[in-house]
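Trainee: Chain by chain, the residues:
4 protein chains.
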Amino acid sequence: MKKIRVVVMGSTGLVGQQFVRLLDGHPYFDLAALMASGRSAGRPYGQAVPWAVGGDIPEQAAQLEVLDTSLETVMSQAPDIAFSALPAGAAEGIEPALRERGVRVFSNAGCRRQDADVPVLIPEINPGHLELARWQQARYGGFIVTNSNCSTSGLALVLKPLEKFDFREVTVTTFQSISGAGRRGLASFDIAGNVIPWIKNEEEKMERESRKILGELTADGIRPASFPVSATCCRVPVREGHLMSVSVRFANGAGAPDVAEALAAFRGVPQGLGLPTAPEQPIIVRPEEDRPQPALDAWAGRPERARGMAVSVGRIREKGGAMSLVLLVHNTVRGAAGACILGAELAAAEKIFS
Amino acid sequence: MKKIRVVVMGSTGLVGQQFVRLLDGHPYFDLAALMASGRSAGRPYGQAVPWAVGGDIPEQAAQLEVLDTSLETVMSQAPDIAFSALPAGAAEGIEPALRERGVRVFSNAGCRRQDADVPVLIPEINPGHLELARWQQARYGGFIVTNSNCSTSGLALVLKPLEKFDFREVTVTTFQSISGAGRRGLASFDIAGNVIPWIKNEEEKMERESRKILGELTADGIRPASFPVSATCCRVPVREGHLMSVSVRFANGAGAPDVAEALAAFRGVPQGLGLPTAPEQPIIVRPEEDRPQPALDAWAGRPERARGMAVSVGRIREKGGAMSLVLLVHNTVRGAAGACILGAELAAAEKIFS
Amino acid sequence: MKKIRVVVMGSTGLVGQQFVRLLDGHPYFDLAALMASGRSAGRPYGQAVPWAVGGDIPEQAAQLEVLDTSLETVMSQAPDIAFSALPAGAAEGIEPALRERGVRVFSNAGCRRQDADVPVLIPEINPGHLELARWQQARYGGFIVTNSNCSTSGLALVLKPLEKFDFREVTVTTFQSISGAGRRGLASFDIAGNVIPWIKNEEEKMERESRKILGELTADGIRPASFPVSATCCRVPVREGHLMSVSVRFANGAGAPDVAEALAAFRGVPQGLGLPTAPEQPIIVRPEEDRPQPALDAWAGRPERARGMAVSVGRIREKGGAMSLVLLVHNTVRGAAGACILGAELAAAEKIFS
Amino acid sequence: MKKIRVVVMGSTGLVGQQFVRLLDGHPYFDLAALMASGRSAGRPYGQAVPWAVGGDIPEQAAQLEVLDTSLETVMSQAPDIAFSALPAGAAEGIEPALRERGVRVFSNAGCRRQDADVPVLIPEINPGHLELARWQQARYGGFIVTNSNCSTSGLALVLKPLEKFDFREVTVTTFQSISGAGRRGLASFDIAGNVIPWIKNEEEKMERESRKILGELTADGIRPASFPVSATCCRVPVREGHLMSVSVRFANGAGAPDVAEALAAFRGVPQGLGLPTAPEQPIIVRPEEDRPQPALDAWAGRPERARGMAVSVGRIREKGGAMSLVLLVHNTVRGAAGACILGAELAAAEKIFS
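Chains as they are written, first to last, in our numbering: chain A, 1 to 354; chain B, 1 to 354; chain C, 1 to 354; chain D, 1 to 354.
The reader is advised that the hints may include incorrect statements.
Same chains, same label: a pair holds when it works inside one copy or across any pair of copies.
Unchecked claim - With a cut-off of at most 20 angstroms between alpha-carbon atoms, the simulated EDC-like pairs for lysine to aspartate or glutamate come out as follows:
hint, residue 1, residue 2
1, 319, 280
2, 2, 72
3, 200, 56
4, 200, 288
5, 2, 115
6, 351, 280
7, 319, 169
8, 351, 30
9, 200, 318
By construction, these hints were calculated from the structure, which means they are not laboratory data.
Based on the provided sequences and hints, a complete structural model is requested.
Mentor: As structure tokens, this is what we get:
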């Protein structure tokens, strides 16, 4: 297969770095260029980036000169795909313009997730929503596909296999890591040894996006699922990995072993296709009474290329008609860059663009 | 008033230190002796204790020679009251024996909380349960009064004013600080930069004790309240203060402003009596969207002697028939030593013993 | 004594908050107004400030409307003294202008510390340097007095009593807390569970300011002391308190007990005058092998008003002609706001202005 | 080459886990058995170990039944090599007995490091000291080879290439991570958000072992080098990686560029032999002003099998005849298990035993 030419916008932030890490030696994609803000532009990526996602900067990427994020510059690279780790404001400006010029944008930015024709894609859950990308392509030439908010990615993955138990209501309290705020997003004095029980817009996103992801594709676009989600989102002094305490009320009388089995057995289209970034097992059920834990489980997932792409679940208990469990998702991998790349792999495998 | 002669057992641990701090210059109580394990016995308290609760060791206490915790030694001090910060095993051995010898024991230990004639006292909530102490006194000469588990103290205080809204069900996820495990109870490598989503026996205690505290005193003892409590208890890398995300389902249609008003207006018997360790306002409602926070609010409570005795509540929101809120309680003060001392103040004021 | 009318510029940052806390109920000073950046101006201080220095916002201060920091606004308050917690850029603009208008500025800003006629005042060490304030007053009407950089304050205090041992060279490695970077100065992802072995300009300041503080007042201004200081400044994930490992090479053969005695016995002019914010004992020598520690000792100092004003020293050991010790200083109190206020108290007591 | 049969004693602690991780798929060594304390014995390693060193437990190791650490049990496995991560007390009992029975012990335990005929081996520095193993083998049948204390490993590696500048004196302050105390060695309440400026026996070990490692092999054993080392050892709330601020006084006038070049160019025998766990470059010099940092650099070293085996050095500066620098070493890899394994690789390559 001829490799697909890709660029990464917003490449110096934490999510951008995860893109670069995951694209190193990628079997489908060829990293052609890296964009970042004006401050970094013109310097080799290896010097411009405060690399903070583990290991060394991939050598090929380190040599690339960082480019600015103007439409002209991006188009000058003739990308098939633009991966976007841009903040919402910057994304709003350039992503639709790239789509108009035929580029396929896989974006971690939140600004287009509510568009009727833009899928919020989690390839194991709603691969069919990629149909919306075809619709966009017909209309614009290119398309925008988004991944979900980082917390939502873990929650939605776990809810999907539970659909058969007919759940009615979800209550979730999150323990979100500081990397979720971006490298510079949170002052250390505010969070050191502390918990902040609020994250701007996060609860709304979890509630809205969960329903869209689990919604049904109709001729009019996505019809959201109807279950209510009640979220309380909190920041904790952890570097990587969002943990969540979830309570799900079922209509039928499923027990904890049924739930554990359904979660552990879950496989999606990416597993069937053997996509490079797809974890062999998307949901790992931990039998220990005190797992999952961010320090031990954030990077769950095999093979090597899929590290951080599996969601870990533990403490599955039934109580008074509700099922309680704890889940953990790597927020900048499964919840951001990894989800985007897996989406692009799916689109490539399904020949959405050729 | 002639001062009441008190001793503290288990005085060198974190809860024991809070006892010593709170008893310094206390208007009712005169600290006669401090007990600890054999390792510390025979040394001045000021040298034996790894003081870690802020400020300097009170001077009078620092001079006291630490005594061992045998029945003979404790009785040799002729205490009116023995405050106990003993671990459950040690408490099990000595507390009933002291009661038999006429001592009033106010205990933070968990081992007797389930006894039918032992109250789990939170003076603002169930002052009437002190009647059980009279029953014990008639039978044994002395009595044992316990305070609740640390997390329960915050939850029960907040539930009390909500009784009028006829709540039916409580779901709670806790963010508990490391001091709750005792000074040596948790290995730093396990919790540094991490969350541990399980605390041994804690969920059972929260569920059981909440119902006893809010239960009704009958001729047969306490009849527990009947609402179900579903708890997920997690440890976070915070030094002091247990935060909780709580969801309460009401039968009637109370709104967030009703709840906020009921909480802020709540006062109990200790406030009416002006007990020394009673906070002017037991529950402080924070209007900010990102409060309470352990680093900022753990020590809430006025006047000075009642610092750490007020519970802070924020983020009161209604969603689909359930009320969500976040609360914070100082686990070693309101959740332990402070609760015991306030209970003893109440007993003294009500002349349970004379 | 008629109270002296003071304002605080930069009042909403961490150092500004310490000023407000320390000025509450101050026996010499009357807090007339609080200034902050345009964002906060116009709102009551109690709403504008993200209070983070413990306890509640002092009530009188909470009611004050925050004012902007223009020269006109400050002068409209007719202050006798302006305390400044401004960043260097803002300080550069307004402090000299206030001086020209007769205001006495006590400043935590670094920009004027190198001026020949501006003292870097640590009242216990170099009270005589206040003479420079008289010189300025004669020339400008008002004056600027600075306190030292936060790390320097601890180091210089400990070096002063060691002068008699004729020290020749100082090597210091710091463990500096995140509050030293200001509330928003350090991203949590950068420092959580990490050490950053560099702080911009800090080593240069420690070296330069130590020598000026311990320098001699001559007719030409301060002649700096001549000992070399070699500093390595590191940031650690601690909220408050700068710890330092110090090695001092002596010309004479002083032993560890001599050093301990000299440090513990040290008293300065503020102690002799009984200034309100002066700690009874400026340097506390800890006998324990594992002290001082930020979590336990940052707030050392008595009486209550002087909490955080004492420097703690431990681990005094001699090795091969060099004396090693560990010291701890509260960076935003003794190293910033407290030092400024103590300086102003000294100036008031010595009737530098009347 | 026929693989060498090895066992790991003390396999469930943090250092033991690093042994297991590093031995997975090792080209020289075949992991035959894992020993641990009685509590774990009899269970599969995968269930007995609280795995905490990243990734998943190697599958082959996970299946092994944990054995007890009695002499009989260890000998029943007929090991060529016993790797030891035992605590000193347990090591004292069994290591010499194994040596008497012909086993080659490579030990992380501290108890034999002072023996005249036991080398403290850092293969890049003192490969010639392995001669002592031959001496032991002639006498006992087997031998004991130790690696150094974790902090010493980083310091000694950096001092080696500086010998040519004729250094006279070393002053070092450490920032040691909590994993250095073992998984259960440090209470979280003691270190969370804190610095503890003392580690039991650590300073003495750094001083003594540095001189032995850099000492000269003579007919009477090792003659220690004579430079004085003055160490202040501190614990910081970091999970992995010991950082050190080092000041070295040179007799000759080497400049910072000379030092940087000597460090970066350094290679040892393991690099020449291409040993599997040898990092291509033992010392990595970082040009950035704020590196190395534990969170970013602890795992330095290539290729994959040598991750954590390179020491990072930065901030090389000259000041007044002394050279200052900051170094970082992964304490449980280069400072413990990795050093042992590299030593065994060297012994195997040099056919110390055949």
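Trainee: Is the C-alpha distance from residue 200 to residue 288 at most 20 angstroms within one copy, between copies, in both cases, or in neither?
Mentor: Answer is between; shortest inter-copy Cα gap is 13 angstroms, intra-copy 33 angstroms.
Trainee: I want to check one pair: residue 2 and residue 72. Are their C-alpha atoms no more than 20 angstroms apart within a copy, between two copies, both, or neither?
Mentor: Neither. Shortest intra-copy (25 angstroms) and inter-copy (61 angstroms) distances fail the 20 angstroms Cα cut-off.
Trainee: Reference check for the pair residue 2 and residue 115, CA-CA at most 20 angstroms: within, between, both, or neither?
Mentor: neither (32 angstroms within a copy, 63 angstroms between copies)
Trainee: Given a CA cutoff of 20 angstroms, do residue 200 and residue 56 count as a within-copy pair, a between-copy pair, both, or neither?
Mentor: neither (33 angstroms within a copy, 25 angstroms between copies)
Trainee: Taking 20 angstroms as the upper bound on the Cα-Cα distance, should residue 351 and residue 30 be classified as within, between, both, or neither?
Mentor: within (17 angstroms within a copy, 47 angstroms between copies)
Trainee: State whether the alpha carbon distance between residue 319 and residue 280 is at most 20 angstroms within one copy, between copies, both, or neither.
Mentor: Neither way: residue 319 and residue 280 sit 31 angstroms apart in one copy and 37 angstroms across, limit 20 angstroms.
Trainee: Pop the pair residue 351 and residue 280 into one bin, within, between, both or neither, using alpha-carbon distances up to 20 angstroms.
Mentor: neither (22 angstroms within a copy, 43 angstroms between copies)
Trainee: Could you figure out if residue 319 and residue 169 sit no more than 20 angstroms apart (CA to CA) within one copy, between two copies, both or neither?
Mentor: Cα proximity of residue 319 and residue 169: in one copy and across copies (14 angstroms, 11 angstroms).
Trainee: Checking residue 200 and residue 318: alpha-carbon separation at most 20 angstroms within a copy, between copies, both or neither?
Mentor: between (31 angstroms within a copy, 18 angstroms between copies)
Violated hints, in rising order: 1, 2, 3, 5, 6; the structure is consistent with all others.
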